[in-house]
Structure formats: structure tokens, C-alpha cells
Amino acid sequence: MKAHLALIATLALVPASLATGLETEATLDALSTADLGQEGGTSMQTEATRLLAQVAASHKQSFGEGLSLSGTFWADADSLPSGSPLQTPTDKLKLTSRLLELGLEWEALPGQLIVDVGKKIIHPSSGFFKAPLNLLSRGSASGLIPTTGAAVSTWEEGWVGADIAYLTGNVTIANFLSPRLEWSDSADRTLQYLSQRQDGFNDLLRFGLRVGEADLRFLALTSSGGPGSENSDLRLCLGAGADTNVGDSLTLRAECSVADSRDRLAVVDEKLLASQDESVAWAPRALAGFTWTGPKELSVMAEYYYNGLGLVGSDYARLIRYSSNRLTAPDVRAPDVLDQFGGFEAARHYGFARVAGKLEDDLAPALFSVVNLQDRSGMTGANLTYSRDAWALSGSIVDYWGGKDTEAGLSPLLWQIDLQLSLFF
Amino acid sequence: MKTLFAIAAAMLSLGSAFAPAWAESPAELLKSIDDRLSIPDMRFEIRVTSFEDGKQKDYNRMWGFVKASETKDSRILLYFAEPASVKGRKMLMDGNIVYLLFPRTRNPIRLSPLQVLLGEASNGDVARTDFSKDYDVASLADADLDGDPCHLFKLNAKEDKKDSTYRSISLWVEKSKQRPIYAEFFASDGKLLKKAYYKDYGPAEGKDFPYTMEIYDGENPKKHTTMTYTKIGRLVVRDTVFSRDYLEAWTPEAPK
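If you read the sequences in order, they're chains A and B.
The working numbering puts the first residue of the first sequence at 1, with every later residue one more than the last.
The working numbering puts the first residue of the second sequence at 1001, with every later residue one more than the last.
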């Protein structure tokens, strides 16, 4: 807590010369949410209201000679950190703060050779609702699932490492090396504040190429726990992506990543709720999509997501039966095999569509839907944002739909209403 | 967003920087006029204000660089400084390809040309027109505008620019100082889309530069946008700065 206060005080004392370039955003979310829980084998709907206040301040300060320091500080106060009414906290408000990014950047050759040491986020993906190319990603700092259907949340913590990028105009080659950081969970609180643990070494090589009007990207991520670790094997993940314009109103994107091995929990017997670990080799994740822009700022986005790590056919049916049986079992100590996949990742085929426009200059509605194409379940959301120069007020509603034997139908989250006030400084 | 993109597009000064000093044919004359508006490697700060029915609807301030080229489309790097809701956004415009990077995100979004040119944003297209590069001279005549003797150019989009928003332009150039003062921009069906006034000429990096452009909607004259350059200078930067992957690394500094 002292560390949080010290950092907040430091920010408040930022010299005027720095403050001119400070980008600060604060949001207050009031979320009403309903989850379906189990008690003694009986389903029970539980509702709760979550209050979440977040603030993030970013700054990039140049020191001349191509040297600059940049960082993002983030803090939140959360009345329901788990996000689920089924897990209510003991404290009234949980306070968290973190350095999302902090890095020293040096343009060794101005505009051409850039060295960056510190903590940074690398998100090469162009996907909206899924991001197969974001090979190094930690997810939302607050744990809040965006109510816009986006895969990437506004505030995420970066990885500690060193990045070097060489730009030639049409070609960019970059490499990010991230070391293993093994803080103990109980000690070294300051270190944990600066960064989460990094369980292995990661080396992410990126190659970008412009061909005509198309941008191509190729990635290779090599990971290892290193000598002495539980998982010292070298693991490889490869990715490629492209995006381009077609005509005046269409942008296209496609990307794919594949890992040499991924671990997952597999159902052995759905009646006995038995499961076991298994490894899946070279399971691809791919996304293809477009954004079309029409008159009066109407935009239509659609994406298809192929999830090679997900299940299909009888394997998928067994997973659903297992999850359904687990929900009604009096003893639920059996692992939640469906939950290991995360939101809309258990099946192999997904679709996403979003329509957005403007009713007035400052009033923007949006409607989106995620569909599990295998069991026809999904999530639909609507959003209305009123924007002014220094603030925005946004209302969202998200509803999960599908039968009891579907992925969305088995999701504990039933619906969520979010009223968000954003302030910009 | 539409004004945002309008502003983004509006940064570009007109014309090519490589015109001959003396011109005789209409095409050469047009090129020399372009040259009066163009500052190679221009660094700038601009304020853009949109009005409707005399009331201010939108205001933005931004700064950046323009890199002009004889062979390529001009490229622009932009930083959005005001209002607070858009502060921190960075944009790269490279011909038809436009990238936008939001604060605290790491992958620039690719925008379609229509997203840049939507609605009032086509103001941006008015400002970014390279007359001699994008248009052929169909005719050149003498005309008066508010008592000023002018050259009146009738311009048609070149064969490879037939998909331009503005298929033809009427351009009034003040004879005494050889500088544009007014232009009308037409669609392919001859409909008047925009009217632009070039004002507040003053010295900038050795050029006689229009510090203000007022752009009126062709259909609704109650809607107009004023774009005013508040700072202009020169800064030569590497070509690689105008690339998608540099947007994240770019440390914007306000021009002095």
C-alpha cells in the first residue's frame, strides 16, 4: 500500500514540463452482472454489482540524442476483483497498482535502429475479437473482460526484456528477448510490483514486410524455462499475418500461429468426471476478417476464427457432457475442463460480427455478436457511447445465449450491464 | 471520428516541391504554382475548427511532419495534441494507406481511404491535393475574382487518379502574386462538393504560404472548416520514420 501511495504521489509531483505530454485516462465502471452457480447440485442465479475505478497515466520523455524514457502507471479500486458474484471478496474494495510499461529507448540510428530496454507490450495482431499473433500476452490488468467484444483490453501489463528493431522502410526486423524472472510469491514485493513473474525465457523474432499495399508479418517465438526449471525443453511458436486495403472502403486481414506443443486437460470419462493431461502438437490458430466502411461512418466488421487447440465432433460433445455433468454433480472437485480454454476457445470454429456507426457527431452505437459455429451458442452485446472533448459516457449490455448443452449455455456468466464514465486529461 | 480524420488528412500542404522556377505552358505554370505552396520536409502545428450554423462543432490541434517526394505520394506523420479525448493518437498517411495508433496500444490499425475521407473529412482531400501531380490542365483562361485578375484553371483528374473523390477542379490563381486564392471541387457527375479559400499568406521557410484554409461544404454552406497553421518549420528526417513500425517508437515533440 505504501508503494502505491508513493507512486501516486510521485505522479502528482510530475514537473510541469513533463505533465504537458502526460496522457491520463480514468474510468469508472458500474457493472451489474449475473452468474449461474451451483449449490448442492442445484442451479442458482446470483447477481451482483461491481464498481471498478481505474486510472492510467502514460508519458514519453525525450532526453535528446535519440534517448527517451516511457512508462505507464495503472491503478484500480475494485469491489469484485474476481468478476464473479459467486466469489465475493472479504474486503470492500481491493486496491491494486502496477507499472504496465517502463522502458528506456535509444534510437542508435535515428528512425532506423531502435533499442528498447525495460518492460513493454508487443501486440503484432490485427485481429479484433481474437488475436492469434499476440504470442506474448498477459490479458487485462483488472481482469475486466471488454464489453466491446475486443480481444485486447485497454490496460495490460508488459514483459520485461530488451528489444532491438531495425527499420529499412519497407522491411522491419526486430527481436525481443525476455529473461526468466522468478520472484518468490511471498517476498520481494517491490520486484513483484515492477513485474509479474516470468516463468521462462522468451525470444520473439519479428519480420515485417510491405509488398505493394499489403503489410506482411512473420513471427517466431522460442521459449524455455531454462536449465534447472521444471520445463527446460525448448518450445517454438510460429506466426504469420497480412493486412491490406481493397478499394476505398475495405480492409482485409488474415493471420495464423502454430505452436509445436500445447498442454491441455482432456476428458477421459464424462460420467465419472475423469480427465487427464495431454499435449497437442502443431495446433494452428487462425483468423481472417474484414472491415467495411460505408456512408455516414457506418462500419461493418466480420471475423472467422479457427482454433486448432479447440475440440470438434465427438471430442467436443464429450467435453460439453462432462461440463454439464460437473454442474449438476453434488461434489464439484473435478477440474473445470471447459474453463481451461477461456472465453470462446473450447470449440474449433467461431464467427464474429460488429456493426458500428454514428447517430450524431458525439453519439455512437455499436452492436456485436460472437458465435460458436459448432453449437450455435454465443454472446451478443450492444454499446452506446456519448463522447465529449474531455469525457465519454458509455452504456453496454452483454448477453450469453445458447442451450444447456452449449459452450455459452454452460458459461456461469449470464449477462452483464456496464455503465462506464471515462475522463481524459 | 470523422473530424479527426479530416484533420489528419488536412495536414498536407499542396503541390510538389520540385517544380521549375519558370513556367510557360499551362501545365508548367500550374506546377510552379504548386511549388509556392509546398515546403519540403515541413514540420508544423495546425489547429482545425469545424463550424455548423456559425457554432463551433469540433476543434483539434496537432503537429507532425510532411515528407514530399517527386516520385511517391507525400507522407505525413501526425500527433494529436488536443482535445484530451484524442490526445496521444499517432497517424501515418502514406498515399492511400493510413495507419492509426491509439495511446497504450501497440499495433497500428489500418484505415480504409473512405474512413479517412468520410463526410467533412473530404476537407482533408481538398487540402492534400497535388494539383499538377494529380490533375491535367483542361483549360486556362483569364477571370476576375472579387476584382482581382486571376488565372482560371480547369483541371481534370489524371488517368491513374480517376478514382479520386474530386474528378475536376476549378482553380483561381491570383495573377499578380501567382498564388491560389479559391478553388471549387467537383464530383464525376459535376456536382459541387467543396469550395476552398486560401488565406493569410505569409512567409514560411522561404515560401509564400497560405496559413489558413477555409473549406465550405458544396451542398450545405452552413458547414465549414477552418484549418490554420500556427507553426511551420523544416526538419529533415529519414524515410524510415514514415513507416508503420516507427509509429510506436516515435517521440512526438511540439514544434518550437
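Read the hints as simulated data drawn from the structure, not as lab findings.
Glycine included, C-beta positions come from ideal geometry on N, C-alpha and C.
Honestly, I wouldn't trust all of these hints.
Listed next, the stretches of chain A that the computed footprint assigns to chain B, with coverage defined by at least 3 CB atoms under 8 angstroms from CB atoms of chain B [as the list claims (entries may be wrong)]:
hint: 1; stretch: 162-170
hint: 2; stretch: 275-284
hint: 3; stretch: 308-317
PhoX-like, lysine-lysine: derived pairs with alpha carbons at most 25 angstroms apart [unchecked claim]:
hint: 4; chain 1: B; residue 1: Lys1195; chain 2: A; residue 2: Lys296
hint: 5; chain 1: A; residue 1: Lys296; chain 2: B; residue 2: Lys1199
hint: 6; chain 1: B; residue 1: Lys1222; chain 2: A; residue 2: Lys296
hint: 7; chain 1: B; residue 1: Lys1175; chain 2: B; residue 2: Lys1057
Quick list of simulated restraints, FRET-style, between CB atoms [as the list claims (entries may be wrong)]:
hint: 8; chain 1: A; residue 1: Asp362; chain 2: B; residue 2: Lys1161; range: 33 to 41 angstroms
hint: 9; chain 1: A; residue 1: Val115; chain 2: B; residue 2: Gly1206; range: 54 to 62 angstroms
hint: 10; chain 1: A; residue 1: Lys404; chain 2: B; residue 2: Glu1219; range: 39 to 47 angstroms
Are 3 or more residues of the stretch 162-170 of chain A near chain B, judged by a Cβ distance of less than 8 angstroms?
Satisfied; 5 residues make the cut.
Using C-beta distances, would you say chain B covers the stretch 275-284 of chain A, given that this needs three or more residues below 8 angstroms?
Coverage by chain B is violated for the stretch 275-284 of chain A (0 residues, Cβ < 8 angstroms).
Between Lys1222 of chain B and Lys296 of chain A, is the straight-line Cα distance small enough, at 25 angstroms or below?
18 angstroms, holds
Within 25 angstroms, alpha carbon to alpha carbon, are Lys296 of chain A and Lys1199 of chain B?
30 angstroms, violated
Please count how many residues of the stretch 308-317 of chain A have a CB within 8 angstroms of a CB from chain B and say whether that reaches 3.
Coverage by chain B is violated for the stretch 308-317 of chain A (0 residues, Cβ < 8 angstroms).
State, for the Cβ atoms of Val115 of chain A and Gly1206 of chain B, whether the hinted interval 54 to 62 angstroms holds or is violated.
For Gly1206 of chain B against Val115 of chain A, whose Cβ atoms are near 37 angstroms apart, the range 54 to 62 angstroms is violated.
Taking 25 angstroms as the top limit, are the C-alpha atoms of Lys1175 of chain B and Lys1057 of chain B close enough?
36 angstroms, violated
That 33 to 41 angstroms hint for Asp362 of chain A and Lys1161 of chain B (C-beta), does it hold up?
With a Cβ separation near 34 angstroms, Asp362 of chain A and Lys1161 of chain B satisfy 33 to 41 angstroms, so the hint holds.
Is it true that the CA of Lys1195 of chain B sits at most 25 angstroms from the CA of Lys296 of chain A?
Within the cut-off at roughly 21 angstroms; holds.
Please check whether Lys404 of chain A and Glu1219 of chain B have a Cβ separation lying inside 39 to 47 angstroms.
This hint is violated: roughly 55 angstroms between Cβ atoms.
Checked against the numbered hints given earlier, the structure breaks hints 2, 3, 5, 7, 9, 10 and satisfies all the rest.
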